Amino acid sequence: MADVRDALMVGKTSDGKLVRRPLSPHLQVYKPQITSALSIFHRVTGVALSVGTLMLVWWLVAAATSDAAYATASGFIGSWFGMLLLFGWTVALWYHFCAGIRHLFWDAGYGFELPTVHLTGKLVLAATAVLSVLTWIVIFAVR
Amino acid sequence: MADTKGPEIAIRRSMLGRARGLGAAKSGTAHWWAMKATSLALIPLTLWMLGSMIGLQGATRAQVAAWAGGPITATLVLATIAGLFHHMYLGVQTVIEDYIHDERPRIAWLMVTKGVAWLLGLASAISVLKLAFTG
Chain G
15 MADVRDALMV GKTSDGKLVR RPLSPHLQVY KPQITSALSI FHRVTGVALS VGTLMLVWWL
75 VAAATSDAAY ATASGFIGSW FGMLLLFGWT VALWYHFCAG IRHLFWDAGY GFELPTVHLT
135 GKLVLAATAV LSVLTWIVIF AVR
Chain C
36 MADTKGPEIA IRRSMLGRAR GLGAAKSGTA HWWAMKATSL ALIPLTLWML GSMIGLQGAT
96 RAQVAAWAGG PITATLVLAT IAGLFHHMYL GVQTVIEDYI HDERPRIAWL MVTKGVAWLL
156 GLASAISVLK LAFTG
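First to last, the sequence lines map onto chains G and C.
Just so we're aligned, residue 15 is where the first sequence starts under this note's numbering, counting upward by one.
Just so we're aligned, residue 36 is where the second sequence starts under this note's numbering, counting upward by one.
In case anyone wonders, no lab produced these hints; they're calculated from the structure.
Be aware that a few hints might be false.
[As the list claims (entries may be wrong)] So the derived label-pair ranges between C-beta atoms look like this: (1) VAL33/G <-> ALA158/C: 50 to 58 Å; (2) ALA51/G <-> SER87/C: 31 to 39 Å; (3) LEU75/C <-> SER53/G: 19 to 27 Å.
[To be verified] A short list of chain C residues far from chain G (calculated; beta carbon distances all over 12 Å): (4) SER62; (5) THR110; (6) ALA114; (7) ALA143.
If you're wondering where the values come from, they're calculated on a predicted model, not measured in any experiment.
Ideal Cβ positions, reconstructed from N, Cα and C, are used throughout, including at glycine.
Construct the complete structure from the given sequences, taking the supplied hints into account.
If you want it as structure tokens, here you go:
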């Protein structure tokens, strides 16, 4: 037993024999399901949005720096590549937003029955699509 | 560890002593609550910020400064920045703790991530304050 944490991996059977506790099987063992897929999406979009904050920070810092810096930042954000990033960012944002609300309901103790879990999962996907499209309709309408 | 004889416990400490400071007994509850509180705060703040950003498309720097200069606007942008970077750090922390098992690189990555989250948050906050106070 090299480590204290190893000691925690040892349990007792009902007849008092010491056994090593089993580890839960990892991701690739399971068949992909809507529940696991949406959970993975939530994490992936969270990390993507974290990287996406760089664009927000750049925009704010540039606006506080100079006209030239602001022109560079808004020029990039308004370019086709910037708009493509923004599009991915809005989809990720709406997904993380809706799935996050689903998590808050779970945390409050609601929606654990399997049919409900599947239904809310589909609702999150539908809401993401609708809200992303609506956002871009508004973006182009306001321009 | 050779498992021929089966596992055994060589450490002479109580069950409680061995569990303290490890796993779920660390600071999971505070982390969980902070995640919930920041998510709830970010629901209205994100909607407001997204709406404001859409309204500011193609705005000049003077227009952005005028927008940030309103005291309520400045307050809400600062609140969004604080909530956003706190929430972001908590999330990335979970990802790092899940995938980096060795203690040294894990602690290094956590420190780097926390530093980056603070710097990005401070840079954003100071930019908003500068826009609000000096244009």
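Evaluation of the provided hints:
1. VAL33/G <-> ALA158/C: 50 to 58 Å: holds (53 Å)
2. ALA51/G <-> SER87/C: 31 to 39 Å: Taking Cβ atoms as reference, ALA51/G and SER87/C lie about 33 Å apart, which means the hint holds.
3. LEU75/C <-> SER53/G: 19 to 27 Å: Given a distance of about 20 Å, which is inside 19 to 27 Å, the answer is holds.
4. SER62: holds (17 Å)
5. THR110: holds (15 Å)
6. ALA114: holds (14 Å)
7. ALA143: Fine: 18 Å to the nearest Cβ keeps ALA143/C off the interface.
Checked against the numbered hints given earlier, this structure breaks none of them.
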